[in-house]
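Colleague: The chain contents come next:
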Amino acid sequence: MSDSILDAKNVTMNFGGLRALNNVSMSIRQGEIVALIGPNGAGKTTFFNCVTGVYPPSEGTITITPPGKSQEVINGLAPHVVAEKGLARTFQNIRLFQNMTVLENVMIGRHARLKSGILGAIFRDGSTREEEEKVIHDSYEILKKIELEKYVNEVAKNLPYGAQRLLEIARALATEPFLLLLDEPAAGMNPKETGHLDDLIVRIRDTEKVTIFLIEHDMSLVMRVSERIYVVDYGQLIAEGTPAEIKRNPVVIKAYLGEEVNA
Amino acid sequence: MKKLLPELKKSFVTALWFVFLTFPILVIKVNTVRNTILWRWANMIAVFVMTMIFSWVWRRLLEKRARGERLVDLSRVLPRNLLDIDIKTVFARKKVSRPALVVLLVLAVLFPFIAGMYQTNIVTTALMYVILGLGLNIVISLGGLLQLGYAAFYAVGAYTYGILNTRFGLNFWIALPLGAVLAMLFGILLGFPVLRLKGDYLAIVTLGFAEICRIVLENWNDFSSGPSGINKIARPPLFGIKLTVPQSVIYLYFITLALVVLTVFVVRRLENSRLGRAWEAMREDSVASEAMGVNLTITKLSAFALGAFWAGLVGVLFAAKTTFINPASFTLMESILVLCIIVLGGMGSTAGVIIGALIIILLPEYLRAFTQYRMLLYGSILILMMVFRPGGIIPKVRKSYVFKADGKIEGAGHE
Chain A
1 MSDSILDAKN
11 VTMNFGGLRA
21 LNNVSMSIRQ
31 GEIVALIGPN
41 GAGKTTFFNC
51 VTGVYPPSEG
61 TITITPPGKS
71 QEVINGLAPH
81 VVAEKGLART
91 FQNIRLFQNM
101 TVLENVMIGR
111 HARLKSGILG
121 AIFRDGSTRE
131 EEEKVIHDSY
141 EILKKIELEK
151 YVNEVAKNLP
161 YGAQRLLEIA
171 RALATEPFLL
181 LLDEPAAGMN
191 PKETGHLDDL
201 IVRIRDTEKV
211 TIFLIEHDMS
221 LVMRVSERIY
231 VVDYGQLIAE
241 GTPAEIKRNP
251 VVIKAYLGEE
261 VNA
Chain B
1 MKKLLPELKK
11 SFVTALWFVF
21 LTFPILVIKV
31 NTVRNTILWR
41 WANMIAVFVM
51 TMIFSWVWRR
61 LLEKRARGER
71 LVDLSRVLPR
81 NLLDIDIKTV
91 FARKKVSRPA
101 LVVLLVLAVL
111 FPFIAGMYQT
121 NIVTTALMYV
131 ILGLGLNIVI
141 SLGGLLQLGY
151 AAFYAVGAYT
161 YGILNTRFGL
171 NFWIALPLGA
181 VLAMLFGILL
191 GFPVLRLKGD
201 YLAIVTLGFA
211 EICRIVLENW
221 NDFSSGPSGI
231 NKIARPPLFG
241 IKLTVPQSVI
251 YLYFITLALV
261 VLTVFVVRRL
271 ENSRLGRAWE
281 AMREDSVASE
291 AMGVNLTITK
301 LSAFALGAFW
311 AGLVGVLFAA
321 KTTFINPASF
331 TLMESILVLC
341 IIVLGGMGST
351 AGVIIGALII
361 ILLPEYLRAF
371 TQYRMLLYGS
381 ILILMMVFRP
391 GGIIPKVRKS
401 YVFKADGKIE
411 GAGHE
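Going down the list, the sequences are from chains A and B.
By the count of our numbering, the first sequence reaches residue 263 at its end, each step adding exactly one.
By the count of our numbering, the second sequence reaches residue 415 at its end, each step adding exactly one.
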């Protein structure tokens, strides 16, 4: 496991009396596309939230090993610190900055990679001006990669639904992550848009050297793009394997379709 | 025509309801000395007729808006080609906006010499509210933090100068930055406990904070001389020259004008910076902005601090202008007034806040005859604005860019 970049060990998350995650352990290797699937309410998003610092896990440890850097524990760090360390995410229910332009949305993604402070903003010295020009330029380049450049000055809330999902990915990419966590990127997309998303996910992995970890309900998408799949149900990890293995796994089928009733 | 009857009925019902509502105040007049009741039936009829007409016009306007038509069709009055000019894009061009600004500034500089002392005085007050509006704009429009305790920071500035001047003889020019910085510290002080609050909860806590500040000032006699306030505060000195009262009114006008220019400059630069973007992102979605690497603690505290800074500055100005301060000047009404300025002018728009402040402060001065109806007027204006022009008089324009093939970027919009 020398090349694993994210390790979750025995992660448990309790909300009062409800155990949303129970002893979940996973590890993601550099350059993989891994999917996390499971029925509704299985704890997938909770797991993402634990990893990205929205909630500190009740028990267990989550460690990251950014490429070329040493291993470190990230449980309980604030979300913005986790983002700085190179984990970026999108949200299940789109959370764009609705009243800001598409470009500004991506520019916010660059926030942690910029330095200028209050005094720089007021006096706008050479380095601040350079930085601002660069951030506009870089953000536009990111939009080009995701093919959203035609919307550049549009206010985010006016975008078509599919484009909003893509903008979330663009914004996350702007933080220069080594691991991109996508929470249901295809939700609400039509089949054509989903097909386009397939290509995009693989392309991002290949060109940006980003590892991708995604939650998805669209099984055809999951089976096409992912190299490995984790399945959770009622907060428990019930299976792990390649798409072909998962398709045949009786435990997974039971979780999704239910058990035959023996009368 | 067949629509007429139900429409009439609607207006009739509305009018009846208003008559019922206003009956106790407008119709019955009790004379407690002679124990008689005066029935003013004429008022009732007036209310009925006026409400009938108003509700009719109101519904017409709403219908027009629903159809997407302009409320006032200027094409009948003005020639077509004049209407096709989009004012916003014209002023976005530097060729137009630069000379326009220069003309405006020259007019502002000449103003006190043309107008009398009274005019200069009230315009100075309006300019002070411009600064307050621009400061609160950072907190409310950019940061999205509904702050109803702005008057507290204003008071901090005023009392800083008042106390330091009367007790320790401190100069205005030293107190000016001191008051602003002290207000800023108070902003941070208030910021810490409310870091986790937003929306209505935040509004209530900030409101409470302002009231606490006012009550402390009212009761701590040794410190602030209580409700009787501090008097004989020195006006700003000009290189040791003793100014007469009319002279110092003009002098203060120029100080305020200079500070307005400074505020506009600084606030706009902050807006178009990394920090300004972070403020807006926090307003739009705090969870997402945090996930994108925005440190919410710093972002929120800086919004509070930089908003309070300007209030402190104006506080010192206010103390120097009136030479007398007491806690009654820093009530909740003051905070609401500044909020009204922002909402009326246009959330987040600099030009809007300036226009809003001038309207809200100057209008009552020129309409002295209607002083009694001031609040009624504010209320109606705000309701009308919310319904027909929710973006304010001059809504904020988002910055847009043109990306050229050779990698050059051109900024459009403001700046």
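If you are wondering where the hints come from, they were derived from the structure by calculation, not from laboratory data.
Quick caveat: nothing in here was measured; it's all calculated off a predicted structure.
Be aware that a few hints might be false.
Claimed, not checked - Pairwise CB distance ranges, derived in the manner of DEER restraints:
| hint | chain 1 | residue 1 | chain 2 | residue 2 | range |
| --- | --- | --- | --- | --- | --- |
| 1 | B | 166 | A | 56 | 36 to 42 Å |
| 2 | A | 76 | B | 200 | 26 to 32 Å |
| 3 | B | 66 | A | 99 | 20 to 26 Å |
| 4 | A | 192 | B | 268 | 40 to 46 Å |
By construction, the Cβ of each residue, glycine as well, lies at the ideal position given by its N, Cα and C atoms.
Colleague: Please go over all the hints and tell whether each is borne out by the structure.
Modeller: Verification of the hints:
1. As the Cβ distance of residue 166 of chain B to residue 56 of chain A is approximately 53 Å, the hint placing it in 36 to 42 Å is violated.
2. One distance hint, 26 to 32 Å for the beta-carbon pair residue 76 of chain A and residue 200 of chain B, holds here, with the actual separation near 30 Å.
3. Our hint of 20 to 26 Å for residue 66 of chain B and residue 99 of chain A holds, since their Cβ atoms are close to 23 Å apart.
4. Take residue 192 of chain A and residue 268 of chain B: their Cβ atoms lie about 43 Å apart, and the range 40 to 46 Å holds.
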